[in-house]
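Just so you know, the protein sequences line up as chains V and Z, in that order.
As numbered in the numbering used here, the first sequence has no gaps in its residue numbers, which increase by one up to the final residue, 157.
As numbered in the numbering used here, the second sequence has no gaps in its residue numbers, which increase by one up to the final residue, 138.
It should be emphasised that the hints constitute simulated quantities derived from the structure, not laboratory data.
Do not rely on the hints blindly, as some may be mistaken.
Residues on chain V that point at chain Z, a partial pick, calculated with CB under 10 Å [claimed, not checked]:
id, residue
1, 37
2, 41
3, 48
4, 51
5, 66
6, 88
7, 96
8, 100
9, 101
10, 145
Simulated restraints on C-beta separations [stated by the list, open to error]:
id, chain 1, residue 1, chain 2, residue 2, range
11, Z, 138, V, 110, 27 to 33 Å
12, Z, 75, V, 26, 31 to 37 Å
13, V, 157, Z, 138, 42 to 48 Å
14, Z, 10, V, 10, 42 to 48 Å
We put the beta carbon where it would ideally sit given N, CA and C, even for glycine.
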Amino acid sequence: MSGLLSEHVLSYIGRQSEPRREIATRRDIRKYAVATNNRQSKYLNGDVAPPLFHLHLFWEVVPLSELSPDGVSIDTLLPKFPLEKAMAGGLEITYHRPIKPGDWLTATRTLTDIYEKSGRSGALIFYEVLMEVRDDAGNPVVSEKTTRILR
Amino acid sequence: MTPAPTVGMAIPEREHGCDVVQQMLYNASLWNGHRIHFDTPYATEVEGYPGLVVAGPLIGDWLHQVVDEWLGEAGAITGISYSNRVAAFVGETITAGGTVTDFDPETGEVTIDVHVKNDRGEVLAPGVITARLEK
Chain V
7 MSGLLSEHVL
17 SYIGRQSEPR
27 REIATRRDIR
37 KYAVATNNRQ
47 SKYLNGDVAP
57 PLFHLHLFWE
67 VVPLSELSPD
77 GVSIDTLLPK
87 FPLEKAMAGG
97 LEITYHRPIK
107 PGDWLTATRT
117 LTDIYEKSGR
127 SGALIFYEVL
137 MEVRDDAGNP
147 VVSEKTTRIL
157 R
Chain Z
4 MTPAPTVGMA
14 IPEREHGCDV
24 VQQMLYNASL
34 WNGHRIHFDT
44 PYATEVEGYP
54 GLVVAGPLIG
64 DWLHQVVDEW
74 LGEAGAITGI
84 SYSNRVAAFV
94 GETITAGGTV
104 TDFDPETGEV
114 TIDVHVKNDR
124 GEVLAPGVIT
134 ARLEK
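Starting from the given sequences, assemble the full structure and let the hints guide the process.
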């Protein structure tokens, strides 16, 4: 391991966000379906949520005063990294069951890994965040692993 | 969904115009205030982009939709793995498509390589979707 990632930065691995509980509503599903150009009536009517609707449900809602100047909400799960330019990221999602209006769902995010690799143009930092969405009975609904790359 | 999947079969493509009103509604729906999606002077002069950037997760949604429309009521998506590699900009036309790479008639599990391309043929987001067909 080279010296890019300090003990302090690495100590963030395993950090977990406060669980957030939200309700899926028909109106929100309809808005999401319209905004994504969906053309299947079950989604446009809000009978069931399309895949990826959990992004809408659990995007951080923060006061305007807490947004950075470029309008981004700061992810409090993350340490201050020594590299800050975000490159492409990847997602791996498992859908355990569909989301329907009236579902109360709870999301917990965990910073599961931070590591570095050397790329063609220098060092890269990777980090992974796992988001688990469960229903009130504790059953899994969506599992999402995001990998982001910084250079 | 017709006909039944066979390995190597292309699923019907879908074009999306990257409309500015849609970008606004999509990012508002998420509560995403990132200026690169709606503030043209900021996106071009400060960040140096050629125009307003299409939200990455919206491109991810279009990967899902091209498969989900093909499945219709015959099945459901069980998972996806994809990455955003190249940005799309408001005003471009992008096309989502895919090819069946595996199908198990016993379990109904189908695997589809998916992509979104821009009108220059660049792959913006490649991925793999798994789905399960109702028996």
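Failing hints, ascending? 4, 6 and 10
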